[in-house]
Amino acid sequence: MRLFLAGLLVAIGLIPSAWSSPEDDLRLLGRSTVAGYDLVLGTEDRQWLRDKGTMKLGVSQESYPPLDVLTVSSDLEGITADYARLVSELLGVPVEVLAYSSRAEAVEALKRGEVDLLGSANDMDAQERGIVLSSSYVDDQPMLIVRAGEAHSIPEDLAGKRIAMAHYYLPETVVRSVYPKAELKLYPSTVMAVGALAFGQVDVYLGDMISSDHLINKTLFDNLRLMNFAQLESSGFSFAMLRQEKELVRVVNQALGAIPDSEREVIRQRWGGTSIGILDRDRPQLTWTEQRWIKQNPRVKVVVNPDIVPFTFFDENNVLQGISADVLDKISKRTGLQFEIVKAGSSRELLEKVKRGEADIAAAFLSDQSPQEGIVYTRPYVGTPFVMTTRVGVGAPETLDDMSGKRLSIASDNYVASHIRQNHPGVTIVEVGSASDALASLARGEVDAAVTTLLVARYMISREYSGQLNIASVVGRSAQVVFGVNGNTTDLLSIINKALLSFSPEEVIDLTNRWRGPVVFETSPWGRYGATAIQGIAIAGVLLILALVFIFYLWRSIKRREQAESALTDQLEFMRVLIDGTPNPIYVRDRQGNLLISNPSYLKVFGVEKEEVIGKPVTENMLVDPGEAQAWQEDYARVIADGKELLQDRHVRLANGEMRTIYHWMLPYRDRSGQVAGIIGGWLDITERQVLLDALQNAKMEAEDANRAKTTFLAAMSHEIRTPMNAVLGMLELASKKAEQGILDRLALDVAAESARGLLDLIGEILDIARIETGRLSITPERANLRRLVESVVRVFEGMARQKTLGLTLEWHCDIDRDVLIDPLRFKQILSNLVSNAIKYTSRGGVRMIVDGSLQEDQRLSLRISVVDTGQGISQEDQQRLFAPFSQASNNRQPSRNSSGLGLIISRTLCEMMGGELCLRSELNEGTQVEVLLDLQLLEKLPAPALAAENAPVDDAPSLNILIVDDYPANRLLLAEQLGFLGHRVTEAVDGVQGLTVWESGHFDVAVIDCNMPVMNGFELARAIREREQVEDRSRCLVIGYTATAQPEERQRCLEAGMDDCLFKPLTLDALKQRLANVEPRVCMLAEEAEEEDALGDELDLSNLERLSRGNADLIRRLLGDLAQSNREDLERLSTLMQGVDCQGLAELAHRVKGGARMARIRPLLEACERLEMVCKQGREEADIRQAGSALRDAMHWLDEAIERQLGKPAA
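If you're matching positions, the sequence shown starts at 1 in full-length UniProt numbering and goes up one per residue.
These aren't lab readings, by the way, just hints derived from the structure by calculation.
Do not take every clue at face value.
The calculated lysine to aspartate or glutamate pairs, modelled on EDC-like cross-linking and capped at a C-alpha distance of 16 Å, are [claimed, not checked]:
id : residue 1 : residue 2
1  : K1154     : D1200
2  : K52       : D139
3  : K644      : E628
4  : K604      : D685
What follows is a set of in silico ranges between Cβ atoms, one per label pair, in the way DEER data are often shown [claimed, not checked]:
id : residue 1 : residue 2 : range
5  : A1044     : G1179     : 30 to 40 Å
6  : V394      : K559      : 20 to 30 Å
7  : D1194     : A1044     : 23 to 33 Å
8  : R407      : S466      : 38 to 48 Å
Small disclaimer: the values here were computed from a predicted structure and weren't measured.
Each residue gets a CB set at the ideal place from its N, CA and C atoms; glycine is no exception.
Take these sequences, add in the hints, and give me the full structure.
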């Protein structure tokens, strides 16, 4: 509920936001009209009003109900609107209403003369200089409002409490002077201030009685109550005008004075009723003594019985409700007294509390009760008869005469009991605590009837006993309900009586009607014939209405016309809002193409005002392009002529020059005769959608271009790879055929080798291109001698140059023989590409490589290498595309089949990665010059021993024991042959698992492992070898990985897996020889161990025991017995361990038995121990472990039998 109230409060508070501009015109919706009275003005005043012509009323958009009520339909309603209309009719001058965003802006507008008067003005506005107030049209009394149930905790001076007030109600200084100990908080509106109190943000609300009563009783703030009148005065609400406008002030006051009290009463009832009435009518005329008593005793304690419904009871929030509560609330509003509620359990306790002074007033007493000592009664405030209530059903008693011998329940303090005993002695009276208890006992069947007041019976039956109980008859005299007052407080008694006297009969009726419930009231004969009588009256009324139909026919016809006009106005307003509120442009044109209607979006697009284009065709001042405007006009004419809709995409240029794409629709509309009367058009701005479509088309074209580029790349790749592959396959086939004839074709093999190397270079270049495109091409600088690098490149291509009878010269224009920090492989790749291209595309003359350089600061070398040829040169057009992949010069006279077109782009990229650049200059028929510019870091010379070690020959390398692990047979065979050719011993394995087994059983200096293998790849094998070395404390084996993935990250993976190096396929003899040159062979095994392994046999050998025992036969037999005993114990332990497959225990047992096997020199037992130990350490599958265990068990059984046979022989 609190969330709902908060939402309602926000909605009410945001109503002013419906106006977007600071000043708007409103429609005055006054509900009162002048009838039966008039205003006589002097000639001068009439002439002044005619000259005035109209009056402008200024209001604030901060809604102030019920004085100023601003609706979202731009209407001004409320009390001020009613009086403004009456003044307008009395003066004969129309009133225009202007709304301002705040009260302060409205006041400023009055000062500037923009408006003539302000409504709902009070003392706050009168403080403004130059402003005067008219006579008040509504009186006002400042009030203090608190939350229900909290009035008793609020001190009279409001000390320490937070007061909420609308900032425009009373002067802040005046309020602070009256309540100096309170904290005053100002809010933008009364709604916000009352809401702050309702939701616990403040303790008290200070406001005018009119709006406060409206917000509390006409909205959902039902948890607020009046605490007291504030100790402040207010002159009421008036019209504010400028002081110098004396004529206006005079005529407005005269008009207000001419409004009769009857009309004021109508307005009062329409907008407020109770609260306004209290201020309009005379309040209780209290004496000075009574007023002083109220000031000295502002709080009065009222003791109530919570069981006397509907007079006094408490709701679920423990707030007093009922007729007496409503009466006390009205007395509080009239007198300012605050009532503090005290509960009592019975009527007797009520009286006792008042007598003892614990309470001042006792609520809900019946006036005929015997007066109590010390208690005086007030005048009655409600009258109600006593009634007898019975259960619904046949045979129920209808009057007290029918109750003879039956039981009747009645409240113990009800004085009517004595009347019943006296006049109906046959009735058995059952006294209960309250009227509610009397009805409850009747409903339970404990008694036959109950006597209560009519109000109590009606309320309780409608709330709790509907369908169970009904009212049978009236009993005795009517009761008068009064308050009981302490006899010592005569002033309080007088105050209460005067307040009750101020109640009008209508108010008393309203009080009782509020708590009256729907019940069936039966008496004889009304109970039997009441429904029939009502039905007859209803039929008579219908007949009367039918008779009067014709009389009211004309009146109703006029009413219908007014309603039709109102409906038409509403429909037109709806259509206007619908069209104007649509965010997309909409317009209507007639048959000539003239604009009839358009919404603001249409005007905004073209940047024009409505007056500029209404009634004009599109060709006049609408579109920037006259041709475009003419096309639109022709489309309008075609739609009108054909009578068919036209939907199309088109472009329109806006007033700011921006071009937009729109989806334009034009629909013909027809008149009543079916003829086309014009067109309705509009459009949707689809510029963004069109941009997305264009982007999609561009993306599609780019994808198609990429697909074509891929196709071109694959075609070029296929051609470039097939060309050297044709030479390789052809030459190898030719060499093979000749070999069958015993002829060695060295030329064919050389050509095949050269083509294969070219193919390898092509693949490397393609991989470099891929790395360049992905940004993964890397440079690895290291120490290298610059002169040796350059000279080695030149030496490589000397043979190629001699074959073409070309000169290849190296020219040094500087004396540089220093080591530099450079990537030697990439540097040689650059020079090789440039020299190779120069030789390929030069048919006569020669190629020169010129090296020049200069020393710079910080030990830097500025290097320039030029490769100059005397070829045909390259045109400017070809130079533009030479640095694209697979691009070659279009010089058809040069042989270019052995070039992929990748070298230049790779060389330029490598130069840039090294911090340099590559430049090409060429002219047709003049040759080509390519320059490489690098900035290199010079390094200090190495000491002589290090240099000598670096250049040591590798021809005298020792023979090594090498393990090869490769799953591809051809590669494995090739590598074995290469290593065998270099003089090394080779052991082969087909995968990682076999390789690990072989490595564990042997002793190898080097392991060459393929990185990519099934089951266990090379990386996993390298890690396993390193783990075994640590566990078994073996010396470190050199592990070299080799792979066809020639990428730096692959080498890093090898190093991370524990390998020592990584070589890339194909492996040449020189590369293998160079890598293995510095590897020292390990001692594989001790000579004694080798001899023991060779001497192991399949039979029991006692030579070792004889040597240990020096031929003592008894000692040998004793040793054999110990061995047999130990063997049997080991057999038992083996069986136990095999049941649970305990790998660790089995490995330890095998290791222990292996010692006996060596002593007995039995090869099968030794091999079985080693096999079981190996599979356990490797964590093989259970089947392998059981198989190895069974083999060991068989060997141990054989040993046991052999020992038994030996012990069975006679001693020598």
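Hints, verified against the model:
1. Proposed proximity of K1154 and D1200 is supported: the alpha carbons are some 15 Å apart, at most 16 Å.
2. A hinted pair counts as satisfied when its Cα atoms are at most 16 Å apart, and K52 with D139 does not qualify at roughly 30 Å.
3. Straight-line distance between C-alpha atoms of K644 and E628 comes to about 21 Å, which puts the hinted pair past the 16 Å bound.
4. Of the supplied pair hints, the one linking K604 and D685 holds, its CA atoms being roughly 13 Å apart against a limit of 16 Å.
5. Checked against the given bound of 30 to 40 Å, the beta carbons of A1044 and G1179, roughly 31 Å apart, stay inside it.
6. Remark: the range hint 20 to 30 Å for V394 to K559 is contradicted by a beta-carbon distance near 52 Å.
7. The beta-carbon spacing between D1194 and A1044, approximately 47 Å, falls outside the hinted interval of 23 to 33 Å.
8. Taking 38 to 48 Å as the suggested C-beta distance range, the pair R407 and S466 does not conform, at roughly 23 Å.
Checked against the numbered hints given earlier, this structure breaks hints 2, 3, 6, 7, 8; the rest are met.
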